[in-house]
Amino acid sequence: MTFESADRPAVTARPTRSAPALPGGEARYQLLSWLVPLAILALWEVSSRAGLMSQQVLPSPASVAETAWRLIRSGELPAHLGASLLRAAAGFAIGGSIGFGLGVLVGFSRLAEALFDRSIQMIRAIPFLALLPLVIVWFGVDESGKIFLVSLAVLFPIYINTVLGIRQVDPKLLELARVQGLSRLETVRRIILPGAMPSILTGVRYSLATAWLALVIAETLATTKGIGFLAMDAREFLQTNVIVLTILIYAVIGVGADSLARWLERRLLAWHPNYAKGARA
Amino acid sequence: MSRSESAGDIAVTVRNLRRAYGPRVVIEGLDLTIRTGEFVALLGESGCGKTTLLRALAGLDPVDGGHIEGPAQPAVVFQEHRLLPWAPLWRNVALGNETAEGRRRAEKALREVGLQGREDDWPRNLSGGQAQRVALARALVRQPKLLLLDEPFAALDALTRIKMHLLIRELVARHRPGVLLVTHDVDEAIAIADRILVMRAGAIASTHLTADTPPATLRGRLLKELGVENDSRAA
Ligand SMILES: Nc1ncnc2c1ncn2[C@@H]1O[C@H](COP(=O)(O)OP(=O)(O)OP(=O)(O)O)[C@@H](O)[C@H]1O
Ligand SMILES: [Mg+2]
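First to last, the sequence lines map onto chains R and H. The numbering used here numbers the first residue of the first sequence as 2 and each following residue consecutively. The numbering used here numbers the first residue of the second sequence as 70 and each following residue consecutively.
Don't read these hints as lab results, they were simulated from the structure.
From the derived model, a few chain H residues whose C-beta atoms are all more than 10 Å from chain R:
id : residue
1  : N85
2  : Y90
3  : G289
Dumping the calculated SDA-like pairs for lysine to any residue here, alpha-carbon to alpha-carbon at most 20 Å:
id : chain 1 : residue 1 : chain 2 : residue 2
4  : R       : K173      : H       : R160
5  : H       : K177      : H       : A242
6  : R       : K173      : H       : E149
7  : R       : K173      : H       : Q142
8  : R       : K173      : H       : T120
9  : H       : K293      : H       : S275
10 : R       : K173      : H       : G128
11 : R       : K173      : H       : G165
12 : R       : K173      : H       : A156
Facing chain R, from chain H, some residues (calculated, C-beta under 10 Å):
id : residue
13 : G128
14 : E167
15 : R211
The structure displayed is predicted, hence computed values, not measured ones. Where a beta carbon is used, it is the ideal one built from N, C-alpha and C, also for glycine.
Using the sequences plus the hints, can you model the full thing?
Okay, structure coming up:
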């Protein structure tokens, strides 16, 4: 709102607010940020109507919207969307808890690090797509294979950032815990976990993106439900508008997941000058 | 080496303390007694072992020989405030006892350091002096028998430092812990301590009672002892 943060030293300046502000404030920037996407959409619609682009190559936004409406009314879209979200959620829950659990273990114990870290790093180095054939052999084209893929994609970012977060906790604060006579459990709850939280949430945010990518790949395996199935099925029948719709849905859910992560950061890191909403440190 | 609980109005007694980092002996044959309510300042050249002594008294580092008779849980204020950035002020002060009772006590302690009404504020909204006052409140809230201060005012500006001197004198008079203040500032030591110790060669080299000597004379003596001969500000 003001130029305040721009001319203050780096200690209090927030990276997201470093540029001088326009008059009118945050709301105006919010509006402005939608200008370009809306303009592109309008241009797309107009050129479609003018016949500059074939409906087979790229259907107009209006016809995609129409398709969406039709599929919602028939109940197909909600069913497929539900199936995809369920897979993503299950994979996220499984991979996330394993990654967090391993991360806490390795973060706290040098022994656990010696035992597990090398193996985890080696598995992490395998390109994701290389596992696909093996997953099909192991799980068939079943639901469990898809959830496995998503879990795997989620596990590593959460694991790495949890270990990192715990290791980076300020040793001076750990010394404070000793001076204050905190028990081991209190030290973990009051100092280590909150101190590791920014890093853990970075892991969550990153893993939401990789989970989504894993889901898209997993859903190209033979399926009978899910957004991926909708896309594959549409490809068979050259229904470009359904294909574009599924891409848009993936995009919307990706953006939604990111907002969820940001919301979590704002809530859990209210104390942090970089995340605090409306904070003027 | 051993450690045991101090009794009566003795806050801490140290006998024949020894501490070495490998072959380098930092503290050797050090004796020290601080009574409750007594304010002791510790001066000494940089690297002479002041922090080492304080950390040994705090139970943060092991010692290699001698005996410490002091409370199991002395309070410590460091040069940096070491507030938890993710905890509101009252939780920082009550750390370890974050109950309704703990909150009540934290509120009282914050009021004592002039920060009433800021219980739910975040540490990042505090100035350096305010943050150090919260650290002081956190140290005093548990009524320690021994208060250890390692250059707690070194990072503050001169005016804030003087205000902190007045505040801490008042708080010590009220709560009566034994205090050991490590400082580099001779004037600070003269202004707030009852007794000033100079540390050299791993032990206490001399003791000065501030009530016995006029401040200017004492200042000259201490500076000379610390190896500063020609002080232009000498009275
Ligand atoms: N962890 C350590 N390992 C090895 N030597 C150390 C260690 N900590 C301190 N020393 C040494 O012990 C001596 C005393 O250090 P100490 O920090 O107690 O000095 P100090 O009197 O507090 O100095 P200052 O006034 O600069 O804070 C120094 O020579 C220092 O190099
Ligand atoms: Mg020191």
